[in-house]
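Below are the chains, spelled out letter by letter.
Number of protein chains: 2
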Amino acid sequence: MDEHKIIQKYFSDVGSAYLAEQGVRVSVGDDAAIISNSSNKESIVSIDTSIKDVHFLSSMNATDIAYRSVAIALSDLAACGATPAWYTLALTMEDFDEEWLKDFSEGLRIISEEFKFPLIGGDTTKGSLSISVQVTGYCDPGKALTRKGSIEGDLVFISGFIGEASRGLRALQNDEDNTKEISSYLRPRARIDLGQRLIGIASSAIDVSDGLIKDLGHICSESNLGCEILIDDIPTSLTEPLTSGEINQGDDYEICFSANEKYLSEIEGIAEELKIPITAIGKMTKGSSVTVKDSQGIEVKIQDGYGHF
Amino acid sequence: MDEHKIIQKYFSDVGSAYLAEQGVRVSVGDDAAIISNSSNKESIVSIDTSIKDVHFLSSMNATDIAYRSVAIALSDLAACGATPAWYTLALTMEDFDEEWLKDFSEGLRIISEEFKFPLIGGDTTKGSLSISVQVTGYCDPGKALTRKGSIEGDLVFISGFIGEASRGLRALQNDEDNTKEISSYLRPRARIDLGQRLIGIASSAIDVSDGLIKDLGHICSESNLGCEILIDDIPTSLTEPLTSGEINQGDDYEICFSANEKYLSEIEGIAEELKIPITAIGKMTKGSSVTVKDSQGIEVKIQDGYGHF
Chain A
2 MDEHKIIQKY FSDVGSAYLA EQGVRVSVGD DAAIISNSSN KESIVSIDTS IKDVHFLSSM
62 NATDIAYRSV AIALSDLAAC GATPAWYTLA LTMEDFDEEW LKDFSEGLRI ISEEFKFPLI
122 GGDTTKGSLS ISVQVTGYCD PGKALTRKGS IEGDLVFISG FIGEASRGLR ALQNDEDNTK
182 EISSYLRPRA RIDLGQRLIG IASSAIDVSD GLIKDLGHIC SESNLGCEIL IDDIPTSLTE
242 PLTSGEINQG DDYEICFSAN EKYLSEIEGI AEELKIPITA IGKMTKGSSV TVKDSQGIEV
302 KIQDGYGHF
Chain B
2 MDEHKIIQKY FSDVGSAYLA EQGVRVSVGD DAAIISNSSN KESIVSIDTS IKDVHFLSSM
62 NATDIAYRSV AIALSDLAAC GATPAWYTLA LTMEDFDEEW LKDFSEGLRI ISEEFKFPLI
122 GGDTTKGSLS ISVQVTGYCD PGKALTRKGS IEGDLVFISG FIGEASRGLR ALQNDEDNTK
182 EISSYLRPRA RIDLGQRLIG IASSAIDVSD GLIKDLGHIC SESNLGCEIL IDDIPTSLTE
242 PLTSGEINQG DDYEICFSAN EKYLSEIEGI AEELKIPITA IGKMTKGSSV TVKDSQGIEV
302 KIQDGYGHF
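As given, the protein sequences belong to chains A and B, one line each in that order. 2 is the number of the first residue of the first sequence in the numbering used here; add one for each residue after it. 2 is the number of the first residue of the second sequence in the numbering used here; add one for each residue after it.
Treat the hints loosely; a few may be bogus.
No copy labels: a pair is met if it fits in one copy or bridges any two.
Stated by the list, open to error - With a straight-line Cα cutoff of 30 Å, these simulated DSS-like cross-link-like pairs (lysine-lysine) come out:
1) 149 / 6
2) 294 / 6
3) 284 / 6
4) 53 / 6
5) 276 / 127
6) 294 / 263
7) 6 / 144
8) 53 / 276
9) 149 / 10
Since the hints were derived computationally from the structure, they do not count as laboratory data.
If we strip away everything but chain A, and leave its shape as in the complex, we get (with noise of 0.2 Å):
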C-alpha cells in the first residue's frame, strides 16, 4: 500500500462537506492544497505536535488520539478568538495498521464535524508516532484576542474547571475507572465559541495547556504585568482539593483572559448561555509575575508547569 493510496482512501474526504465553504479549491492529493482567501478577514495560523507518551498515550484508541491533536491546536485558535476554518496534518507512524488508521480517520472525521472545518492536505512518514496538526482559522481585521493587551486593575478569568484532565491522565495510567475526569483528558473541548464570544470584551488570552500558572505568566510579561490570583477561587470539579502541582499541570485547554471589571456581568451571560463555567480568579497588578495567595493572604508556592527540556 503506497503513501499517495493511503492518504487517498483515509485522508481525503475527512470534513469535505465543508470545503466549498471554506473556499478550498484544490483539498488533499495535490502538491499543495489551494484556498480563496477571506479578503475581509485575518488569518490565525497555529501549529501544535502531540508526541507519543507525552502528549497522549499509546495505549489510547486512535480515534481519541486524532480528536486530541486537532483539538489542542484548535485550542490555540480558541484563544484567540478565531472561527476555525481548515487544517493540514503531519502524521509519523510506525507502521503500516489499517485498523489504527481507520480509527484515526475517524476520529478526525468528528472533530472536522463538530466544528465544521475541513483537512485539506497533508504528509505521511515513517518513524516515532507523532501528529502535526496546523490550525487555520479567521477573525475581523485587529480584533484577535493576544496575550498583550491586559490592563492593571483588570479581573483574570478561567473557563470550565482546572485538574480534571491531568487526573483523567493519572487514572488512565493507573486504570482507574473515573469517567468524566478521562474523558476531559481524552476529549478536550476546543472553547472556540467562548473565544468568539470574548472579542470586544478580553483584553487578553491564552489557552491553558502546559498549566494554568504558567500560561498566566505568558499574560503578565506580554503585557509587562503582575498578577494576583486567589487559591481558593481557582474552580475545580474534584472532590477532592486540587494540589498545588494539579493547578499547575497543564492539559486543561481553558480559557485564561482578563477584562474589565465592567464586563463581569456580560461574561457572567455567556456563561449561562455557553453553559461554560467561567470564574474570577484574580486580578492583573503591577509587577511581572504571578502571585498565588491563600485566603489569609498568605503566598502559596507553586510547582512549576510543564517543560518539555
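For chain A, the structure is supplied; the task is to place chain B on it using the hints.
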C-alpha cells in the same frame, strides 16, 4: 531553559525583515500568528515532515537539516507556481542542545533570506528528531499549477538533473568526497522562480521527491492519461550513466511538468534566462501509467520509487 525562551531566542526573528511585506501582524510567540489576507490572491498551502535517517542523516550539520527541511516543503509551492509568503515549524528534538539549535536556526535564516519569507510560528516538543514545515504561498486566482490538466500529446519536461542528490546521499553515507552531488542532497534548490514562470505554460506540474517515474505517475492518474519517457533523454550530470534505480530514487526536488509543444521555444528561453536546464523527456499519451523506453523502443523496467511503508 523553558520552551518559550528557546523559541524567543532562536526562532522569533527568522526572516522577520519580511513580516510587514507579508502582512504578518503577530508572529512567533503568541498562541497563534495573525496575517492580513492578501485579498486578490489564492493561498497555496503544503506541509512536509522530515524525519531523522529517512529524510536526512542525523550526522548532518543542523544548518543543513534546517535548510533542507524548509527547501523540500518549498518545492511543493514551486510545483504550484506559488510565491512563498511565510512558514510555520513544528520541531521535535531529543534533547536541548543550544549549539545544535543555534546552527539549526542559522539554516532557517539562510533560506528565509533566500526566499524573503518569514517564520511566523511553531511548536517545540521533545521526542525523536523530526521537523514539520508548513509553507504558505500566493498565486493569482485560478492560476496555480496542479497535477491535473495534462492533455494527450503534451511534451513532458524535467528541470535540472536526476539522480544527483541520491548519489550525494550515498556519498555522504560512504564518506566519499563528491562535493557537487553532496551539495545537491544537503541544499536542494526549491525551483520557485521556475514554477512562477511556468504559469500559463505548463498544463500540469509536480515536484520530484519520491522518484521521477513515481511522481510522474501522479500526473498521469490525475490527468487520466499515460505517458512515454525515453530513458536516454533523462538528464544527468553524472559521469557514469544513471541506473534504473537512480532514475526513480527521489530526493531530486526538480519540477516535472507537461506543456503543449507550441511552448517549446518559450520554455527554452526560460531555461536560458534562469540558468536551469530544462529537458523534454517524453510525451503524454492515452493510457494510465508511465512507460519508459530505450533508444530501440524497447520498454525498460524501472525500480519502484520511494515508499514509506
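Here is what the structure says about each hint:
no.: 1; hint: 149 / 6; verdict: between (45 Å within a copy, 17 Å between copies)
no.: 2; hint: 294 / 6; verdict: between (57 Å within a copy, 27 Å between copies)
no.: 3; hint: 284 / 6; verdict: between (54 Å within a copy, 25 Å between copies)
no.: 4; hint: 53 / 6; verdict: both (25 Å within a copy, 24 Å between copies)
no.: 5; hint: 276 / 127; verdict: neither (42 Å within a copy, 36 Å between copies)
no.: 6; hint: 294 / 263; verdict: within (24 Å within a copy, 77 Å between copies)
no.: 7; hint: 6 / 144; verdict: between (41 Å within a copy, 27 Å between copies)
no.: 8; hint: 53 / 276; verdict: neither (32 Å within a copy, 46 Å between copies)
no.: 9; hint: 149 / 10; verdict: between (43 Å within a copy, 19 Å between copies)
When held up to the earlier numbered hints, the structure conflicts with 5 and 8 and fits the remainder.
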